[in-house]
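K.L.:
With chain A's structure known, arrange chain B with the ligand on it following the hints.
Protein chains in written order, with numbering that gives the first Met the number 0: chain A, 0 to 447; chain B, 0 to 79.
Careful: at least some of the hints might be erroneous.
[Unchecked claim] Capping the alpha-carbon separation at 25 Å, the derived lysine-lysine pairs in DSS-like fashion look like this:
1. A:K59 - A:K205
2. A:K74 - A:K293
3. A:K69 - A:K293
4. A:K37 - A:K323
5. B:K46 - A:K135
6. A:K69 - A:K59
7. A:K387 - A:K2
8. B:K37 - A:K2
9. A:K129 - A:K205
10. B:K3 - B:K46
11. A:K74 - B:K37
12. A:K44 - A:K293
13. A:K387 - B:K46
14. A:K160 - A:K135
15. A:K37 - A:K12
16. A:K2 - B:K3
17. A:K12 - B:K3
18. A:K44 - A:K429
19. A:K160 - A:K74
20. A:K12 - B:K1
21. A:K110 - A:K387
22. A:K323 - B:K1
23. A:K429 - B:K3
24. A:K205 - A:K131
25. A:K296 - A:K242
26. A:K135 - A:K37
27. A:K59 - A:K135
Derived by calculation from the structure, the hints in this document are not laboratory data.
Listed below are the residues making up each chain.
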Amino acid sequence: MEKRVFERPTITKLSPGLPSKHGVGTAIAPMPFVEGLKVDELIEKYGSPLFILSESVMRKNVEDVNRAFKVRYPKFQLAWSYKTNYLDAVCRVFHQEGSWAEVVSGFEYDKARRNGIPGEHIIFNGPGKKAKELAKAASEGAYIHIDHFDELYLLADVCQKQNLEARVAIRVNMDVGIYPKWDRFGFNYENGEAWDAINRIMANPKLKLMGLHTHIGTYIMTADAYKIAATKLSDLASNIAHKFNHNIAYIDMGGGFASRNTLRGAYLSGEDTTPSFDEYADAITSAIINSQIKPDKLPTIILETGRALIDDAGHIAGTVIANKRLSDGRRATIIDVGVNMLFTSFWYDHKINPTQNHSGLVEETIIYGPLCMNIDVIRPSLMFPPLKVGEHFIISRTGAYNNTQWMQFITTRPNIILIDKNRETHIVRKAETLDDIVANEEIPEHLK
Amino acid sequence: MKVKENIAISDNGFVFNPTTGDSFTLNNTGKEILLLIKGGKSMGEIKTTLLSSYDMDETTLDRYLLDFVSELRFNNLIDE
Ligand SMILES: Cc1ncc(COP(=O)(O)O)c(C=O)c1O
Numbered sequence: 000m001e002k003r004v005f006e007r008p009t010i011t012k013l014s015p016g017l018p019s020k021h022g023v024g025t026a027i028a029p030m031p032f033v034e035g036l037k038v039d040e041l042i043e044k045y046g047s048p049l050f051i052l053s054e055s056v057m058r059k060n061v062e063d064v065n066r067a068f069k070v071r072y073p074k075f076q077l078a079w080s081y082k083t084n085y086l087d088a089v090c091r092v093f094h095q096e097g098s099w100a101e102v103v104s105g106f107e108y109d110k111a112r113r114n115g116i117p118g119e120h121i122i123f124n125g126p127g128k129k130a131k132e133l134a135k136a137a138s139e140g141a142y143i144h145i146d147h148f149d150e151l152y153l154l155a156d157v158c159q160k161q162n163l164e165a166r167v168a169i170r171v172n173m174d175v176g177i178y179p180k181w182d183r184f185g186f187n188y189e190n191g192e193a194w195d196a197i198n199r200i201m202a203n204p205k206l207k208l209m210g211l212h213t214h215i216g217t218y219i220m221t222a223d224a225y226k227i228a229a230t231k232l233s234d235l236a237s238n239i240a241h242k243f244n245h246n247i248a249y250i251d252m253g254g255g256f257a258s259r260n261t262l263r264g265a266y267l268s269g270e271d272t273t274p275s276f277d278e279y280a281d282a283i284t285s286a287i288i289n290s291q292i293k294p295d296k297l298p299t300i301i302l303e304t305g306r307a308l309i310d311d312a313g314h315i316a317g318t319v320i321a322n323k324r325l326s327d328g329r330r331a332t333i334i335d336v337g338v339n340m341l342f343t344s345f346w347y348d349h350k351i352n353p354t355q356n357h358s359g360l361v362e363e364t365i366i367y368g369p370l371c372m373n374i375d376v377i378r379p380s381l382m383f384p385p386l387k388v389g390e391h392f393i394i395s396r397t398g399a400y401n402n403t404q405w406m407q408f409i410t411t412r413p414n415i416i417l418i419d420k421n422r423e424t425h426i427v428r429k430a431e432t433l434d435d436i437v438a439n440e441e442i443p444e445h446l447k
Numbered sequence: 000m001k002v003k004e005n006i007a008i009s010d011n012g013f014v015f016n017p018t019t020g021d022s023f024t025l026n027n028t029g030k031e032i033l034l035l036i037k038g039g040k041s042m043g044e045i046k047t048t049l050l051s052s053y054d055m056d057e058t059t060l061d062r063y064l065l066d067f068v069s070e071l072r073f074n075n076l077i078d079e
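Next comes chain B alone, as it looks inside the complex:
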């Protein structure tokens, strides 16, 4: 899983895809996860990181992550 090349992520959670011209906003959790993906972390590592800093059970986190990643894919922001 890789964030597509030349996708820009700003500090305040804006995302710009120069290839399609689309822009997006992320909430804080969304931004954190996208940055972790961009940093090359695997799904397992991302989960461990989030579970250590948030009050959240693993099953629920799994569901949210899956949903979020499918949205990133749907919006052409990541590659498999």
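Looking at chain A on its own, in the form it has when it is part of the complex:
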């Protein structure tokens, strides 16, 4: 007689009338494939854990946001937010789709140049630009987005001394009716600081005011906030036109569109609550079109969208290391993906699915990473089927910020592969080795 497959025995308590926030005994569907490729086989080939990026999803997202804006507005330009994911392969996908580069440091600036992006297609943001970096950006024609008065003076000084002209914009912060109010970056709109900065720029012949910029925050769930922001920037633009007879070339609305991930502890799933690109586009374009800006002088809309364009193009697959029972009776599952590589588990209740079929039965489970650190929690509580040691799972929507904000801590970081349009796989970042990690270390003579 053929033996049957053994499934871990489970018992789950039912609480009638008191469904947990996950509902009662919801089945978790297996997810055996990514882009039509077997996850188990990818792990076999490239090791566990494994970051998997989908080129098609990135391209599709760009297409979707482009369509949403271009049907409503004549001039639209994306700039890829390098900090969201600056793997060269990823940047190049976005550049091939026509995105400029949006960078926030000299390092990111140089990375964009290395990826073949000319200065005049780079937007240089951030509060920490150094004199040398400003000089280089100015001489290469990049758009320098000034963050504070000290930077304005520094740039004026650099341009004066080196006889350079700089193309600039200012970053503006403002009240758009949401909390938290991001007022640490840029010049404030309401108290007149932004207008003051604009006047100083217009008075300096070395500085060419090209645009206005804001980035109202990240994971913004209300399109209305963008409407308020675009209205305020349009007001500034028409005041500039009125006073100086100067029409700015662009309004840069920054990033911040929510992805479909679910924020940690949120009651409703991000899949249900995240506004569509159309809703954001409607809010922004209608505010600008309905403003005092003359129809033949409409500025280009630039977006620095990061998260919403790449989150769902990324996955991380991994393996169950152990199961244990906590003293309060809860099940704990230890996996080989920790917060060192999945940084976003601090923000999100990431979706996690087994790669194989399971009975519908699930049980409240806490999912820990493999680090010997109390903070290493991937999901504090979810209803999950009992996976056996060695079985695989896949975590979805990990494309944004993980491959940049991750840290080399306790373990090395794994392979990252890209699945291309033809479903071919390519390693785009090799797994680290001990040699990579110690490459920059030096041992003083007396310790050798």
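P.N.:
Okay, now just chain B with the ligand, sitting in the frame of chain A:
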């Protein structure tokens, strides 16, 4: 090891404890094991039964059984 008196186990894997008012669901393996315990089988006998009908090594089975039994105990469904 004994299933507590008056614990009801239904065919489709529901368990009801009238003393506490708690109800539970079991998956198929869980149900099979609880019924074996209820039938008075010892841990050794239960293991032999399961090993003969499932594709499973003894160490892993041991671990799962131990974990499952501690859950039954935690939920007040069995006596030592
Ligand atoms: C200036 C700027 N632009 C764009 C972005 C990208 O934001 P998001 O990923 O929320 O779209 C950020 C992220 O922090 C940012 O600081």
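K.L.:
Which hints from the list above does the structure break, by number from lowest to highest?
P.N.:
1, 4, 5, 11, 12, 15, 16, 19, 21, 23, 26 and 27
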